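Protein chains: 2
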Amino acid sequence: MRKKEGNKEEDILKAAIEVFAQAGFYDAKISKIAELANVSIGSIYVYYQNKDDIIYKIFDKLWGSLYHNLEALVNRSDLSMVEKYDAMIDMIFDTFTENSSTAIVIAHEQQRLLLRNKESFTPYYDKFIDLGERIVREGVKKKIFNPNIDTNIFRHFLLGAFRDLINSWATSPEEFQLNSVRRNIKFLSKYGILIHNQ
Amino acid sequence: MRKKEGNKEEDILKAAIEVFAQAGFYDAKISKIAELANVSIGSIYVYYQNKDDIIYKIFDKLWGSLYHNLEALVNRSDLSMVEKYDAMIDMIFDTFTENSSTAIVIAHEQQRLLLRNKESFTPYYDKFIDLGERIVREGVKKKIFNPNIDTNIFRHFLLGAFRDLINSWATSPEEFQLNSVRRNIKFLSKYGILIHNQ
DNA sequence: ATTATTTTTGAATAACGATTCATTATTCAT
DNA sequence: ATGAATAATGAATCGTTATTCAAAAATAAT
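For the record, the sequence lines run as chains A and B.
Mapping the first sequence onto the numbering used here, position 142 (from 1) lands on 142, and the numbers just tick up by one.
Throughout, the numbering used here is defined as the position within the second sequence, counted from one, plus 198.
The hints are simulated quantities; they were obtained by calculation from the structure and are not laboratory data.
Keep in mind that this is a model prediction, so the values were computed, not measured.
Here a beta-carbon is modelled for each residue, glycine too, at the ideal position from N, C-alpha and C.
Ranges of calculated distance between the beta carbons of each label pair, as one might list FRET restraints:
id, chain 1, residue 1, chain 2, residue 2, range
1, B, S229, A, A72, 47 to 53 Å
2, A, R137, B, H394, 16 to 22 Å
3, A, N117, B, G262, 31 to 37 Å
4, B, S370, A, A72, 28 to 34 Å
To spell it out: a stretch of chain A is covered by chain B in this simulated footprint if at least three of its residues, at any positions, have a beta carbon under 8 Å from a beta carbon of chain B; those stretches are:
id, stretch
5, 19 to 29
6, 110 to 122
7, 136 to 146
8, 151 to 158
9, 164 to 170
10, 176 to 184
Construct the complete structure from the given sequences, taking the supplied hints into account.
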């Protein structure tokens, strides 16, 4: 019986994230991924069904991580509502910034892939959204969040803003102070741009 | 001298918008665009250099329209600062919703194309952003907008939120009340999600 | 050392679809 | 009518690259 050398499956995924982030999914070459992963082209097809399969597994990994982290947060009763909301923003922020190439891939490719094939998309994405909406509804029920805001619209608003900002930072990190981005997302989503004078 | 029949250039652009929105840029077939435009494949290459050229002209048209409309707004002195901001949101909102397929194409393709080839991208995009930032800085100077918010971050925040919401509506219009989306974008960007109790 | 089993390899395949360009069609001026 | 001149056509080309699979290499058990 032959043993597997190293962890090719993981090497390939890591390489693919970099290649997809740099070139975009369609311009990314399997041969380039193989080269970066120090693996033959054939090996890629041992561990993954095809090119699509690779990107779907990238999504699955990140949304899975976000989902599990949010799950740990959603039922914490030691936090005030606003503390819980801030913790959610921090968690999402940390996850994306610690995986900046994955963040770029998601920002660039997710929308189209969702359109193309909703069935094979990671279930963690919808589960994550559900948990997020639950937190917002909890805030409304506790009369902390504005009940006139549509929960569904708010989550698109917030995630859309997140997506653009994280992607912009990941693409040109020299243009943004990461902590400033974090602070501004928190502040803007809670208080908006206007100065409140009463 | 032979005259051109109808307006093939425009027919092709309109068809391409629909095909790109439906299939995504890379899966879109030139043959499908030709079919939808009632034009031969060869004619497409009479009016456009290549596939890229078509999508760049789609972007140019929409961002050009946004830029010119914003230019008409930016120096209006008959509006209060908040009225001007609301008018800007309304204008962006109307432009995107009146061109919903183009909105989908932009939401799905712009980021990657910007990365791929910043030079051939429409100059109206940057010019539009500049005008938008000027309005925000005017709001700060007039002590209506919060001076602690980073202008650059705010525009990514707002446009990111816009992008996701318009795209979501354009993809599943049955899921959203358009006026509710408009109202919520205005409210959230100005006042945030928290109830202000003082 | 030999065999069995599993892993790895990468040259060859095969399909695809953007782009070209020689040909045909249409219009207009004379 | 005729002939420029331009517009339109679409079959054929050509490069590209994801995927396959038969062979080779590595390991473990005996």
